[in-house]
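**Student:** In case you want the letters, here they are:
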Amino acid sequence: MSSRGPRLLIWQLGEVAELVPQTPRVSSLVLDVPAWPGHLAGQHVDVRLTADDGYQAQRSYSIASAPEDPHLEITVERLEDGEVSPYLVGEVRKGDKVELRGPIGGYFVWTAGDPRPLLLVAGGSGVVPLMSMIRHREHTGSSNPTRLLYSSRSYEDIIYRDELDRLAAGGDGLTVAHTLTRMQPQGWQGYARRIDADMLSEVGWPKAEMPAVFVCGPTPMVESVASTLVDMGYDPASIKTERFGATGG
Amino acid sequence: MSFISRGFRGKRRDVASSSRVPPGQHVVDDFPVLSAGPTPRIPVSEWKFVVEGEIDQPRSWTWDEFRKLPAEHVTKDIHCVTKWTKLDTAWTGVSVDTIMEGVETAAEYIMAFSYGGYTTNLPLEDLTGGKAWVAYEFDGQPLHPEHGGPARLLVPHLYFWKSAKWVQGLRLVNEDQPGFWESNGYNMYGDPWREQRYWGD
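Here the protein sequences line up with chains E and H, keeping their order. For the first sequence, the residue numbers in this note's numbering are 1 to 249. For the second sequence, the residue numbers in this note's numbering are 1001 to 1201.
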């Protein structure tokens, strides 16, 4: 795949084909990028904004779309004191162009040929690169046993809720478990606390199954989940992490 | 500049610090954590630091021995390839000049390697001449494991992935080979002022 070989990452323009509100603070930007070189599930792009006086700001965003998708989708959480995210979620309209380059990152990636069972652990918008993996799995017809444990603050904050429900109902080996840490709707059947060792042993794979593990979310959550998995006896080398703080902007 | 992002103004930073912020970076006040896997936990009783490779007599220090080396206090700006810059970070550690004192080697490159398996490559001349440290304190406190404790490499003039967390040693090598991120799309050298983030930059 071209995204593995050394090559120049050039800035290019993507046109916003669609804006998809996901939660009150999160939107997906579906982009037409004519010269997109292709990507692996889990990679990210750099986005660069330029003001009319030449002032620029850059941030990185995980790719949400599958490699097989003809569009490139990024999903952005609006940070009120941010610089780039309030533009991407709030200002940008359909038909606008956004400058980007990528794909970036060759480690936090999953390809459907990997025979190991998959454990995906997400916190908030950390679900985005994992969604690319889940969609890649779906696109390739993989029935690889896959479990997603997804922590959100409330039911309304669950990104990709309907799509995850639909994919999990497909009976092809994907299960999705939610935990809602701050607020739960009446009659909520899922978890209602931060991810802990008990939850990981109920949802995850026994360590003897040697799963591939991807954890993405805010730093305290990722630190806690990764450390807990190591304490449970998982091979540290099988646990890949991606973290974001309040500085995504 | 040919392309303008319609309706984008941005948050302008004050002029005083802007000369200290490389292109594409923005200043943060917190200290974000980035790493590719679980944080290794290394008891100082088991910690060792080594210099090996193209060297006649490999060197090695225990934690207690290392802490007896002359310490330096430095305040530096650091620049992470993920776009954040943190100004005036205060570190305590041992200069790589001290670690390499008297070493005769024909090697021109270093592979820094870490507990947990991380590696990163650097030219030797970027580690000597008062440019790099093995740091064990941040802001006067023992370096937290999330930030690379017990000790991390500190090479502030390059993107911060070159400042290997949980550093275990320096291997002197004759050829520049890619380390962990350098094998995964990131630049072999990583000068923030030339915005050398990725392959080909």
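There may be inaccurate statements among the hints.
Stated by the list, open to error - So, partial list: chain E residues that the calculated Cβ filter (under 10 Å) puts toward chain H:
hint: 1; residue: V30
hint: 2; residue: Q43
hint: 3; residue: A51
hint: 4; residue: G105
hint: 5; residue: R194
hint: 6; residue: E223
Said to hold, decoys possible - Straight line, CA to CA, 25 Å or less: simulated DSS-like cross-link-like pairs of lysine-lysine:
hint: 7; chain 1: H; residue 1: K1086; chain 2: H; residue 2: K1068
hint: 8; chain 1: H; residue 1: K1131; chain 2: H; residue 2: K1086
hint: 9; chain 1: E; residue 1: K97; chain 2: H; residue 2: K1011
hint: 10; chain 1: E; residue 1: K94; chain 2: H; residue 2: K1011
What the hints assert, rightly or not - Listed next, the stretches of chain H that the computed footprint assigns to chain E, with coverage defined by at least 3 CB atoms under 8 Å from CB atoms of chain E:
hint: 11; segment: 1146-1156
hint: 12; segment: 1163-1174
It is worth saying that the hints were derived from the structure and are not from the lab. Backbone N, C-alpha and C define an ideal beta-carbon position, used for all residues, glycine too.
**Student:** Hinted pair, alpha-carbon criterion (25 Å max): K94(E), K1011(H). Please report holds or violated.
**Tutor:** Given that 25 Å is the threshold and the Cα spacing comes to 24 Å, the pair holds.
**Student:** Is the listed coverage of the segment 1163-1174 of chain H by chain E valid when you require three or more residues with a beta carbon under 8 Å from a beta carbon of that chain?
**Tutor:** violated (count 0)
**Student:** In terms of beta carbon proximity below 8 Å, does the segment 1146-1156 of chain H have 3 or more residues touching chain E?
**Tutor:** violated (count 1)
**Student:** Taking the least C-beta to C-beta distance, is E223(E) closer than 10 Å to chain H?
**Tutor:** 6 Å, holds
**Student:** With a cut-off of 10 Å on the beta carbons, see whether R194(E) makes it to chain H.
**Tutor:** Since chain H brings no Cβ nearer than about 17 Å to R194(E), farther than 10 Å, the hint is violated.
**Student:** Taken at face value, is the distance from the CA of K1068(H) to the CA of K1086(H) at most 25 Å?
**Tutor:** 29 Å, violated
**Student:** Mind checking the alpha carbons of K97(E) and K1011(H) for me, to see if they're no more than 25 Å apart?
**Tutor:** 20 Å, holds
**Student:** Hold the hint about Q43(E) up to the distance rule: shortest CB distance to chain H must be less than 10 Å.
**Tutor:** Q43(E) check passes; min Cβ-Cβ to chain H is 8 Å, inside 10 Å.
**Student:** Does the CB of A51(E) sit less than 10 Å away from some CB of chain H?
**Tutor:** 5 Å, holds
**Student:** Is it true that the CA of K1131(H) sits at most 25 Å from the CA of K1086(H)?
**Tutor:** 18 Å, holds
**Student:** Does the closest beta carbon of chain H sit nearer than 10 Å to the beta carbon of V30(E)?
**Tutor:** 18 Å, violated
**Student:** Hold the hint about G105(E) up to the distance rule: shortest CB distance to chain H must be less than 10 Å.
**Tutor:** 6 Å, holds
Violated hints, in rising order: 1, 5, 7, 11 and 12; the structure is consistent with all others.
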